[in-house]
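Okay, so the sequence shown: first residue is 1 according to the numbering used here, each after it adds one.
No lab work stands behind these hints: they were computed from the structure.
Fair warning: there could be bad hints in the mix.
When the alpha-carbon atoms are kept at most 16 Å apart in a straight line, the in silico EDC-like pairs for lysine to aspartate or glutamate are as follows [said to hold, decoys possible]: (1) K76 with D61; (2) K43 with E103; (3) K43 with D61.
The calculated label-pair distances, taken between Cβ atoms and stated as ranges, are [claimed, not checked]: (4) D34 with N92: 28 to 36 Å; (5) R81 with R60: 16 to 24 Å; (6) G89 with A67: 15 to 23 Å; (7) D73 with A39: 16 to 24 Å; (8) V68 with D34: 13 to 21 Å; (9) A39 with T99: 18 to 26 Å; (10) A52 with E103: 23 to 31 Å; (11) Q47 with R87: 14 to 22 Å; (12) M50 with G91: 16 to 24 Å; (13) N92 with S35: 26 to 34 Å; (14) A67 with S35: 27 to 35 Å.
Glycine residues also receive a C-beta, built at the ideal position from the N, C-alpha and C atoms.
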Amino acid sequence: MKLFSLGCRARRVIVAVLTGSAPLLGATEAFADDSAQLALGKKLFTQGAMPACAICHTLRDAGAEGAVGPILDELKPDAARVATALRNGLGNMPSYKATLSEEQILALARYVARASGASK
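The task is simple: from the sequences and hints, build the whole structure.
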């Protein structure tokens, strides 16, 4: 297998594994093509998190028209920003650290970033 015939992301993953720096790869990058993770994130946004994100936030992809929190389609937060808000809370938004697993937080953060247009 030629290393240079692989895509850029695949080369970075291989180099990271071979050099022992794999833990430095972003957790969201590890799931870059995982539609199941995005589906989980959408489910958590609409009904899984308590209180559900859709109660407060507007996000077109989720059919959410909340009137309390920021309009995510306009804010376009990246996954890191969403994950930080989920872990720590922000303003009136509660922390979800005690109610969502890290996997769920990452799935939800990645979904919001993708659905809002912050990442493709």
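Checking against the hints above, which ones are violated? When the structure is compared with the hints, numbers 8 and 10 turn out to be violated.
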